[in-house]
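Undergrad: One-letter residues, chain by chain:
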Amino acid sequence: MKKLFAMLLAVAMVFSLAACGGNPSGENSQPPVNGGNEESAEPSQAPSEAPSEALPAPGSNPADDIPDTMTSADSKYQVAFITDVGQLKDKSFNQGTFDGVKLYAAANGKSYKYYQPANGDAATDDDRYDAMKAAVEGGAEVVVCAGFMQEAALKKAAAEFPDVPFVFIDGYPIGLDNVAGISFQEEQSGYLAGYAVVKEGYEKLGFTGGGGGQNPACCRFGYGFVQGANDAAKELGKTVDMNYSWQYGANFQASPELQTMMNGWYSNGTEIVFACGGSMFNSVVAAAAANDGLVVGVDVDQSAQSDTVVTSAMKGLAASVQWAVAKVYDGTFSEIGGKGTSLGAKDDAVGLPTATWSLENYTIEEYEAQLADMASDKLVVDSMVAEEDFAKLAATEWSNVALNIIE
Amino acid sequence: MTFLIQQTLIYAIPLMIVALAGVFAERSGIINLALEGIMIFGAFVGVLFVNILQGVPFFHDAFASKSWLTLQGLELLAMLAAAVLGAVFSLLLSFASVNLRADQTIGGTALNLMAPALVLFLIRIIANQNTLGMAEGDAASWFMIKKSTFGIDRKTDLGFLGETFVNKVYLATYVCILLFVVLSILLYKTKFGLRLRSCGENPQAADSLGINVYKMRYAGTTISGALAGMGGFVYALTTANCASTGDVAGFGFLALAVMIFGNWKPLNIAGSALLFGLFKCIAASYDSIDINGDGICMLAKAPISSHVYRMLPYLITLVVLAFTSKKSRAPKAEGIPYDKGQR
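Those protein sequence lines, which keep their order, are chains B and U. For the first sequence, this note's numbering gives the first residue as 1, with consecutive numbering after it. For the second sequence, this note's numbering gives the first residue as 1001, with consecutive numbering after it.
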C-alpha cells in the first residue's frame, strides 16, 4: 500500500515538473494571438460621456458599462489609477474616482489600468510606492492616486519620475511640480445634507465616520453636517439631537460591532444616520433596514444600493478626475501641477442627488437656492483640519444641536 | 432590555452552534481547529447561494409580493447549502486525520489558511471585488421577521415577549437553537452519541466492542463541518448584511474558546456563548442600552471610561477561565490518530 502511494507521489511529482517546464513555451505562443485581437479598439467604441456634466445622473451610471480591466495592444496603459484602502468596487470613494478614469479614457481612446497596492488595508507606503512605480513602468502618462494616505509614497514616486504628472485626489500640494493636489470642500456637501434632513423634519440624527477621526475628508463632512443641521434647526426654531462617533470605522470596513452600535442608535430613536466612509455603509444599512431607520450616503449617490438611503452627500470625484486628466492631455497641467485645488459649490463639485433623493418636505428649489448661495459665497461653511476635530466640535456652542460625542 | 437580548442572541448564536460543531469533532477524537476556515467557506457558499437565487424569478417575485414564507424558505435552503458544503469541506480534515493519520492541529491550520484564500479567489472571479454581497437589497429587508412581515402595524405593542422574540428576529436564530437542543440530546441520550463519545475517550476499547472508530470519527467531523458551515452563514446573515469577505472576524476561534470555556458540554457552552455575547454587545453599544426602559442609558451616564466597556468581554473571559479552568477536561483521546495495532 505504502509503496503504491510513494510511487503515485513520485509520478505526480514528475508530471508537475513537466507541467512547469511546459508552461512558458505555451505562454510564448499565446501573446501574438492575443495581440492580434482588436481589443485596442474597445475604448474608442465605448459610449462617450459629456464631460461638462459635473455630477452624473445617478442610477444610470455610464461608467458601469465600461469594463474595469482592459487589454491594450502594446501592453502600455496611459492612464493609471492607484486605489486607496478598501476595495476598488466600494460603490463609494475608490469606485467614484476610478469611474472618472474610465470615463475619460473611454471618451478619448486612452488605455487605462488600476493598481491596488499590495497587502490590502494594511498597505504600507512602500506598497503604494511599488504600485506607482509599476504604473509608471507600465507606460502611464498620468497617474491618478486616490486618498490622502498616498502622500508619503507620492513624494518618493513623483520625485523619482519628475516627467510623469500625478493627480492626487483628496490631496494637497506636496512641493513637487508634477503633483496636482485636488481636494473638495466636503464641509459644503455635509452642510447641504445636514440642512436637508433637518428641514425634512428629522430631529434625531447620527453621524458615523471612517478613519477614526484622522481622515481630513471625513472630518470636513462631519463638521459640515453638524453646521447644516444646526442652521436648519435654528430656522425651524427647534433643537435636534445628534450622536457623533468615529468608533469602529478606522479602516472603513463593515463590522458586527458597528452594526450593533447602529442598532443601538436606531432602537433608541435615532431616525437617520450619515454613514461617512466606504464599506462601513453596509453595517449602517443593515442596522437601518432592521429598525426601519434611514441613511445618508457619502461621496457618490448610494440610493441604488438600499431603500434606506434618503440622500447622499456627494462630491464630484469622477468629474474632477476627468477635468484634471484632460489638463494633462491638453498641455495645461502646469496650471494645477504643484498646487492644491479645492473644488466646491463654485465648481459644481459638491451636492446632493436631487433626481433620486426621497425628501418630500425639503424641495429642490430650496436646495438649489442654497447651493447658489454657497457658490456665490453668500453662505460660508466653516472648514476644519483633522487634528482639531473633536476639540473644535466640543468647543463650539451649538445653539440648536444637542451633540452627543461617543468616544 | 429587548435590544440587549436581541443583540446578545445575534452574537451568541453563531458562537454557540460553531462551538457545538467543535464538540462533535472533539468528542469523536478529532481536534477541529478548522472551525474558522469552515465558517468562512460556509458563509461564502450561503451568500453565493442567496446571491444566485435572488436572480431567479420565483424568489424575485416573492420579494416583490412580500410572500415571506418563500423568503424564509430561501434562507433555510441557503443554510442547508452552507451546511452541506461545509461538511464536504471538512472531509479534507477527516481524510487527513483519519485515513492518513496526519497531525490534526496542522491539518486544521492548513484549512484555516486555505479557506480565506480560496474564498477571496472565488469572489474575485465571480464578482471582481473583495466582497460578495446580496444581488440586491439588504439582509434585513429580505429575511428579517418584523411586525410588518405579518401585516401588523409598526406601532402596535406586542408586549415584552412579542417584541423580543417575534419582532426583528431571524428564523435562522431559532433553527440554530432547535438544532442545538436536538444535537445535544443526540450526543448524550442516544446509542450513536454514546459510541461517538467513547471514540473520543478510549477508541481501543470502543473498537474491541465492535464500534468502527474510523466511521465514528468521520461522522463526528462531518457533523462538525456541517454545523460550522451553517454557523458561518448565520454569522454572515445576521451580523454582516449577508456579505462574504473571506473573514468571519475570528468567530471560529472564539467558538473554540467558548467550547473549552464550556468544558465540552453543550449546556455550559450555551451559557458561556450567551455570557460572551452579552458583554460583546455591551462593549459595542453601551451608549444606547436602556435596561429598565425609562429612556435613560445608565451605562453611558456612569463615570466609567468607554475603554473599560470595550475590555469587558475579554476581561470576563479571563476571570471566568481563571476560576473554572481547573475543572476543565478535554476528551482523553482527542488529537491522537487511531491506530488499531496500538494498545
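Don't read these hints as lab results, they were simulated from the structure. Just so you know, not all the hints are guaranteed correct.
Derived DSS-like pairs: lysine-lysine, alpha-carbon spacing no greater than 25 Å straight-line [said to hold, decoys possible]:
1) U:Lys1147 / U:Lys1265
2) U:Lys1332 / U:Lys1265
3) B:Lys156 / B:Lys339
4) B:Lys204 / U:Lys1155
5) B:Lys133 / B:Lys110
6) B:Lys204 / U:Lys1301
7) B:Lys392 / U:Lys1301
8) B:Lys76 / B:Lys204
9) U:Lys1301 / U:Lys1215
10) B:Lys204 / U:Lys1147
11) B:Lys327 / B:Lys346
12) B:Lys238 / B:Lys346
13) B:Lys378 / B:Lys346
14) B:Lys156 / B:Lys327
15) U:Lys1146 / B:Lys204
If you're wondering where the values come from, they're calculated on a predicted model, not measured in any experiment.
Undergrad: Next step is simple, just say for each hint if it's right about the structure.
TA: How the hints compare with the structure:
1. U:Lys1147 / U:Lys1265: 36 Å, violated
2. U:Lys1332 / U:Lys1265: Holds. Lys1332 (chain U) to Lys1265 (chain U) sits at ~14 Å (cutoff 25 Å).
3. B:Lys156 / B:Lys339: 17 Å, holds
4. B:Lys204 / U:Lys1155: Holds - the C-alpha atoms of Lys1155 (chain U) and Lys204 (chain B) are around 18 Å apart, at most 25 Å.
5. B:Lys133 / B:Lys110: Within the cut-off at roughly 20 Å; holds.
6. B:Lys204 / U:Lys1301: It holds: about 19 Å lies between the C-alpha atoms, which stays within 25 Å.
7. B:Lys392 / U:Lys1301: Roughly 23 Å between the alpha carbons, so the hint for Lys392 (chain B) and Lys1301 (chain U) holds.
8. B:Lys76 / B:Lys204: Cα-Cα ~52 Å, so violated.
9. U:Lys1301 / U:Lys1215: Measuring from Cα to Cα gives roughly 57 Å; hence the hint is violated.
10. B:Lys204 / U:Lys1147: 23 Å, holds
11. B:Lys327 / B:Lys346: 19 Å, holds
12. B:Lys238 / B:Lys346: Violated: Lys238 (chain B) and Lys346 (chain B) sit about 31 Å apart, past 25 Å.
13. B:Lys378 / B:Lys346: At roughly 12 Å apart (the allowed maximum being 25 Å), Lys346 (chain B) and Lys378 (chain B) satisfy the hint.
14. B:Lys156 / B:Lys327: This hinted pair holds, its Cα atoms lying about 23 Å apart.
15. U:Lys1146 / B:Lys204: 23 Å, holds
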